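Undergrad: This is what each chain is made of:
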Amino acid sequence: MHYLPLIGVLIIVIGFIMKIDTIAVVIIAGIITGLVSGLSLTEVLVLLGQGFTENRLVTLFVLTLTMIGLSERFGLKEQAVYLINKIKGLTVGRFLSLYLLIREVAGMFSLRLGGHPQFVRPLIEPMAQASAVANYEDTDEETQERIKAQASVMENMGNFYAQNTFVGSSGTLLIAGTLKSLGYDAPAAKIAVASLVIAGISLLMGIVYNIWFDRQLSKKYKKAGGDQ
Amino acid sequence: METFFDYLLEFFFIIAGIQFSYAGYRALKDKTNNKNIGTAIFWFILGILFIFGKWLSPVLSGLLVVGLGVITLFNQFGSSKEYIENVEKAEKSAQKHRNMVFTPVIVMAFSAIIISFLIPESSTTVIGIGALLSLLIAMLIFRPSTEEVLDETNRMVQQVGTTSILPQLLAALGLIFVEAGVGDIVAAMISGIVPQGNIFLGVTAYVIGMMVFTVIMGNSFAAFTVITAGIGVPFVLAQGGDPVIVGALAMTAGYCGTLLTPMAGNFNILPVALLEMKDEYGVIKAQIPVAIIMAVIHILLMYFWAF
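Residue numbers (this note's numbering), protein chains in the order written: chain A, 1 to 228; chain B, 1 to 307.
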């Protein structure tokens, strides 16, 4: 009986594996988790409704879509391709590594540069795609999908592993606060300095991952070129 | 000042709701979408939830959310083929505007940073302020017709589709999980299987505990408070680990879990919607090697560096 609330986790996992519609799976998992842990149906609906409306902020990125759509209609991607073409020796991987570096350094100075709606969708991803086109002329859908994923990975890595290097970041303050309440002395400034190590390692890892990514692409397109 | 930003935020939600409702109206008239009724209802429900969310009774909001799920479960949401891309026009415009085409996008990205720096209370609203400001600039530079603006709003909303609300929905699920005590159960399970007195096993349990908890709950901040008290203190800190190093590494160990979970919808599912990826888990799949290697590095670092 004690482990029953975990059924929601199980439902999500099964839903994901069986590729059932994700939105429906999440709602069903929520309702069942609530019910088995002793809440009434009304209470579950209240939580679901409240949780949804209180988190409207998460979906506020839709406000940016009109501007992005207009920019695309008026040549954003075309100009990105033109610009990237002018830079010699720029590959997808090198471009993304540069973004990762800038993002991590900016994080140290508390500049929360980046974000999927603000940076990746309008700027970073089109430029990454453009640098692939610049190198391999034409890219297929599989490559484009992989570049989209790779750009998102760099954004997340740069965001997660470098954010605690700033003393005032919420993560750093939470570590210091939690440890203090548990009776351990860990000042935020020292935590920020200690966080530099993992930030540096993640930067190296990102660069290695991008080099590997570049190699995969050039292998794929060299082979395709050779067949013709 | 804070109440001003509260009102502003509500105002932005209403605009987003109007955007969704407009997509519903367009879906209703859309001949290229054979599931246009279901699609329209989906967007209208979302419009209501965004415009009236503050005033609706929570039960009614909950029912409306269930309504969204019913539409997608029975596969009644369809995509539009109305929009035809005009490559020639885009190329001509790029040649005319040159790097000016980047101005709106750059204004949006940096206005957010600058405003949140100048007015810290604005933090949650900056994305809305940046979006509207950059839209204004885009309209001044490109001089689009009203029809073009409306077309683009509709196209983009239809393209991000149902995936766009998944992060928000997962946040609501997180709330139910907390209420149901899922987090406490997970923490109890992990601390139940770790033997006391072995530093390496303690460190491993702490790192993996942070990851597992974050994967399930989608939030490493929640994981940190729960897992540090349940595992970090008895199995790592009590054995003499340096709290500064242990604390810093435990938090980023949680992020290894964040990279793996659809529960962190904001980071892993949102880009799928924004970039119109085919595979809902494409971002997570590309992050698996990073998360695993980084987790191993965390264990080794905590073991050798903190002791």
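Everything labelled a hint here was simulated from the structure, so no lab data went into it. Keep in mind the model is a prediction, meaning the values are calculated, not measured. Warning: the hint list may mix true and false statements.
[What the hints assert, rightly or not] Derived pair list, reagent style DMTMM-like, types lysine to aspartate or glutamate, alpha-carbon separation capped at 25 Å:
no.: 1; chain 1: B; residue 1: 92; chain 2: A; residue 2: 21
no.: 2; chain 1: B; residue 1: 285; chain 2: A; residue 2: 78
no.: 3; chain 1: B; residue 1: 278; chain 2: A; residue 2: 21
[Unchecked claim] Cβ-Cβ distance ranges computed for the label pairs, FRET-style:
no.: 4; chain 1: B; residue 1: 2; chain 2: A; residue 2: 10; range: 40 to 48 Å
no.: 5; chain 1: B; residue 1: 55; chain 2: A; residue 2: 42; range: 17 to 25 Å
no.: 6; chain 1: B; residue 1: 6; chain 2: A; residue 2: 187; range: 27 to 35 Å
C-beta atoms are modelled at their ideal positions from N, C-alpha and C, and glycine is treated no differently.
Undergrad: Now tell me, hint by hint, if it's right for this structure.
TA: Going through the hints against the structure:
Between the alpha carbons of residue 92/B and residue 21/A the distance comes to roughly 41 Å, so the proposed pair goes past 25 Å and is violated. Pair hint residue 285/B plus residue 78/A does not hold up; C-alpha atoms about 29 Å apart against a cutoff of 25 Å. Using a Cα cut-off of 25 Å, the hinted pair residue 278/B and residue 21/A holds, with the two alpha carbons roughly 14 Å apart. Take residue 2/B and residue 10/A: their Cβ atoms lie about 41 Å apart, and the range 40 to 48 Å holds.
In this structure the hint that residue 55/B and residue 42/A lie 17 to 25 Å apart at CB holds, the actual value being about 19 Å. In this structure the supplied range 27 to 35 Å holds for residue 6/B paired with residue 187/A, their Cβ-Cβ distance being about 33 Å.
The structure fails hints 1 and 2 (numbered hints given earlier, in ascending order).
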